[in-house]
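K.L.:
Here is how the chains run, residue by residue.
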Amino acid sequence: MSSAALIMMITTIAVVTCVTGYFFYLVLKTPPKSEPDSYEDNDDEKR
Amino acid sequence: MAQQKEAWGSRLGLILAMAGNAVGLGNFLRFPVQAIQNGGGAFIIPYLVCFLLMGIPLLWVEWASGRFGGASGNHSTPFILNNMDKRRFWKYIGVFGIFTNLAVAAYYCYLESWTLSWVWHTITRSFSGQSQEEVASFFTNYVSLGSSEPIIFWVICLILNTWILSKGLSGGVEKVAKIGMPLLIVFGVFLAIMGISLQSGSHGAINGGSVGLNFLWTPDFSTIWNPKVWLAAAGQIFFTLSVGMGSIQCYASYVRKKDDIALNAMSAGWMNEFVEVVLGAAIIIPISVGYLGIDRVVELTQSGGLGLGFRTLPFLFEQWGTVLAIICGVFWFGLLFFAGITSSLAMGTPWMGFMRDEFGWSRQKGAWSFGAIVLILGLPTVLFFNQGVFDEYDYWAGTVSLVVFALAEIILFSWVFGMNRGWAEINSGSDIKIPKVFRFVIKWVTPFMLLFVFLGALITPKGNDWVGAFSNGWQLDNSSIIKQITNSGLREQISTAQAAGDLETVAILDEKLLYITGARLLLLAVFLGIGYLVFIAYRKRLKQGRIA
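As they're listed, the protein sequences go chains A and B. The first sequence maps to residues 619 to 665 in my numbering. The second sequence maps to residues 26 to 573 in my numbering.
Calculated directly from the structure, the hints in this document are not laboratory data. One or more of the hints may lead you astray.
Unchecked claim - Short derived list, chain B residues pointing at chain A, Cβ under 7 angstroms: (1) E31; (2) S35; (3) Q62; (4) G66; (5) I70; (6) V74; (7) L185; (8) W188; (9) S191; (10) S195; (11) D245; (12) R281; (13) S292.
Ideal Cβ placement from N, Cα and C applies to all residues, glycine included.
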């Protein structure tokens, strides 16, 4: 592969993967809001 | 009437369902083709700029509009839009948000059924020992309805969609997304590794995987200021995110005001980008170039990525031996199936939400009526595929309607509803701090970009030559909306055939013109029919005192 193609590909893949991973990390680490919330799976949990 | 309560099961489930709504067959078949036709690696620059300035703002706008409407018990765009501004015409603009989903589902479910059928044929070894031409003609025979098989797979696909929808959001749509999206990524990663690690001379490959990647990613920076490239990038971002359809608003209408939408929208949107840019770019082009060479792939991509995916890849997988051919075939078409079904399920929910809100229909009644409408509306796309009905649906419902509706909703949100309320709505319950610059972007930049996309489609210059059009007089291309309305391209073909005395071709083209006109009238009738239902619902609301 040419250097230009390699730089373009690696930079793009790294940026997209890192940003996607970062937002998913934020979603997973953010504690759920107090009940009643929008999601029914945790409805049995203590309010 | 007793109604089941509709809700999402979990936040992760909602994000995966939203990402599944966005991820479609285009992520794997359309994006790589757009990239190689518009500057290779350089295409990613306008593409990501459009994602930041048009895609993300539109996602926030649609999530916020949906949640705002849902708080007043509205789960489809006619009354979500009407809830944001009391002027009566907005609810009729909102008809697009139901119409587009029904019309797109009508042909999209047929496309989805091909993936099921190709999985079946991969397992039963139908492509084994076939030449490339034989595999390609298998596709041609299939869509020409050489047997009843396409109809059977299409009906199976419709029943599957309808049955899942009848299970509701958390019990059906979300469960499919939770299974389908992780599997799609696993399949995609496996195929990407196979594509990238392809070795020249191994299993008959003439090029290594890196040749295809080099071809795709080598930037041609001379294209970067060409409006055609920016229009292609904006169009790709637009279609890949499923904005302008009304399904995002419907999904988001089940989220409460105190819960986050800003981070959810970013997570779902970026997940779509990951699937498209990282996985989508690493499968079809490296494998195809590996076996067919760059020139042949360029030639095949002239007719889009669909042909490459269904007519060529099964033959290429066969070069890897029986076991890998089965695994890769099942993974490839399985991946496309999951990409398809998570999108088609989203198309059912606005209709179900509307009938439930306005006419008290149960979830089951809504789901099965959706299936029945898609069956009736989709039948012409199946029976008259070769007469251009499929493409006609795709153009008017799957392309033009989206842009028109998105343009209307961004104007409503940022200029009529107002950015003060709109910004507060986007940020309500947010788990991230959105940079304030996006307030300016949503009000000024995104509407301008959408207008640019719409005008670009309306008055596309001949040969897509934007630079030349300014100096040589603006001649419209046959792909422009204006020329499409008048069937200019088809009429030119008829004139040419008449001049050449080719009466057989004239008869075929005349017949095609007839079917295309019929398809347009059918779509128009559906739009007007939904508009009439909205009118009845409005009268009901007036009688019940739900609107002043």
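K.L.:
Evaluate each hint against the coordinates.
P.N.:
Each hint tested on the structure:
| no. | hint | result |
| --- | --- | --- |
| 1 | E31 | 10 angstroms, violated |
| 2 | S35 | 5 angstroms, holds |
| 3 | Q62 | 16 angstroms, violated |
| 4 | G66 | 3 angstroms, holds |
| 5 | I70 | 9 angstroms, violated |
| 6 | V74 | 13 angstroms, violated |
| 7 | L185 | 24 angstroms, violated |
| 8 | W188 | 21 angstroms, violated |
| 9 | S191 | 18 angstroms, violated |
| 10 | S195 | 6 angstroms, holds |
| 11 | D245 | 10 angstroms, violated |
| 12 | R281 | 5 angstroms, holds |
| 13 | S292 | 4 angstroms, holds |
Hint compliance for this structure: hints 1, 3, 5, 6, 7, 8, 9, 11 are not met, and every other hint is.
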